[in-house]
Amino acid sequence: MTQSREDNSPDQEEITDDSVMSNVDGESGTGSEAVTASDHGSAESVPDSDTEDGSSTSGLGGTIRDRVESQLNEDDSTTSVFANKDLVHPDTIIDADRIVGRDEQLDRIIELLLPAVKGGRQDNILQFGPSGTGKSLIINATAEEVATLCENRGVDFGVIRINCQRISSEDKAVYAMLEDVSEKTGTEVGIKKQGTATSDKYDHLYDIVNKHFEAILFILDEIDYLTGNNNDDEPDYSRLLYQLSRATAEGDIEGRSAVAALTNDTQLIQKLDGRTASSFNPDNVVFPDYDATQIRAILKHRKDAFRDGALSDDVIPLASAFAAQDEGDARKAIDLLRKAGEMADREGSGAVEERHVRSAQGKLDVDQAQKTINGLSAQKKYTLYAVASVAIHATRSLDSIPGPVAYDIYSYVTESIDADTKSDDSFRRYAKELASYNIVSKDRSGRGRGRGVHNEYAFAIDPETVKETIERDSRITEIEQDSLRLVVEAQLDEFNSS
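In my numbering, the protein residues as written are 47 to 544.
It is possible that part of the hints are untrue.
[To be verified] Heads up, simulated DSS-like pairs for lysine-lysine below, C-alpha to C-alpha not over 25 Å straight-line:
1) Lys164 x Lys238
2) Lys317 x Lys426
3) Lys426 x Lys513
4) Lys426 x Lys349
5) Lys257 x Lys230
6) Lys478 x Lys317
7) Lys317 x Lys164
8) Lys164 x Lys230
9) Lys478 x Lys417
10) Lys478 x Lys468
11) Lys317 x Lys238
12) Lys409 x Lys468
13) Lys426 x Lys346
14) Lys513 x Lys488
15) Lys257 x Lys317
16) Lys131 x Lys513
17) Lys131 x Lys238
18) Lys257 x Lys238
19) Lys257 x Lys349
20) Lys164 x Lys239
21) Lys349 x Lys131
22) Lys426 x Lys409
23) Lys239 x Lys468
24) Lys488 x Lys478
25) Lys409 x Lys239
[Claimed, not checked] Ranges between beta-carbon positions, derived for each pair:
26) Ser469 x Ile140: 27 to 33 Å
27) Asn209 x Arg442: 37 to 43 Å
28) Asp466 x Gly166: 36 to 42 Å
29) Arg392 x Val332: 35 to 41 Å
30) Ile237 x Glu400: 36 to 42 Å
31) Asp466 x Ile237: 30 to 36 Å
32) Glu157 x Glu517: 46 to 52 Å
33) Arg521 x Ser472: 47 to 53 Å
34) Asp445 x Ala465: 25 to 31 Å
The hints are simulated quantities; they were obtained by calculation from the structure and are not laboratory data. Ideal Cβ placement from N, Cα and C applies to all residues, glycine included.
Could you build the full structure based on these sequences and the hints that come with them?
Right, dumping it as structure tokens:
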């Protein structure tokens, strides 16, 4: 496989009482009251218009500025439950004294980054473990401290960070790094995002690095999302890792450089091209799931994000239980606590209560699923849509969706919208990756002697939510649902009779 820089064009704790954990309510919306003619003295609609001072009016009366100021005044007159809301934002880089349950990983990352302070060579790092287990927190907090130590010693140490979840290709990843380093150094990006060869973007990135830093650390978060759209077997994250891990050896970067790749995929190294694996050759740092006790401790360490007395006693235990149930994801626990606080503020209740946590949990589940789905490639969306369609259109309840049936529906879906129909092997690979994103779960099932073994899929979230999210894709909306239902029924009948 070609490893040279390609001139690619830019893309195209636990609670066992079931009553505590059941009946998660979603956040209920408030409907708008009807506006009648008597409200405004006329049955005619009132058009929006501009006032002399440049503010605009709305048909509901008053200027937009009036309404913004009215809400602002309401906020100012209401005491928020928050004292320092940033502490419950997952992206906030916190002090080490707030880090819980990660002493081993923290010490190892410090050991790996410390050579930058001493003018030595840093090793590449691969951090892997499930979402919300502290991978980003540890590397970002440590890199910040190392950068400060380097500055105090007169060493120009830079950190370039990108999150690959919404980046579809190597080309876009390089440009995202270029934007990050340009912002940090106060320089212009200097080249266009579109119409510039990937190799030129690499060159410009390295030029800025060489002008400002003696040592650089590239942090590539959620790198497993960077699969690319190429038709060969090498994912784009393999290409990117090759280029960055070879940059100093090849003379592209004049100082010292290292790469820290963060992933949920424990098999990432096995998926790299051989030369990439050899060049990258990282030190592995494993991040296991947090348990309920650790998550409760994490939330207690951020309790000062709220005013004294603003958290009812059951809020942190319940949020911890939800997160522990969700594979020990501390990021989601923190996000859940913040959103529950926001709901309490909107109600003006003055305190966060259990009901706020339950409502926030329901909303978070949907929001996270939609965010993940929207970031999927087209083929993964078609795969997910097919599995969801079987779950929804089956005439009887299914505990799981048979892989062969799901593939047949995938083929029907892609043919219906004139998209490429990939092989069964590719479909299974897409479904495996979807399982790593916690959208579906995958298991192997046998049908008895002589009838073979196949994959089966089940949803971690409501398949209707999945389907509706994907249907925002204009091509998917072309599929006639009655016909799709008939195809699903026919394929299930055929599978069950075989």
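Practice problem: State the violated hints by number, sorted upward, taking the hints as numbered earlier in the document. | Solution: 1, 4, 7, 11, 12, 13, 15, 16, 17, 19, 20, 23, 25, 26, 28, 30 and 33
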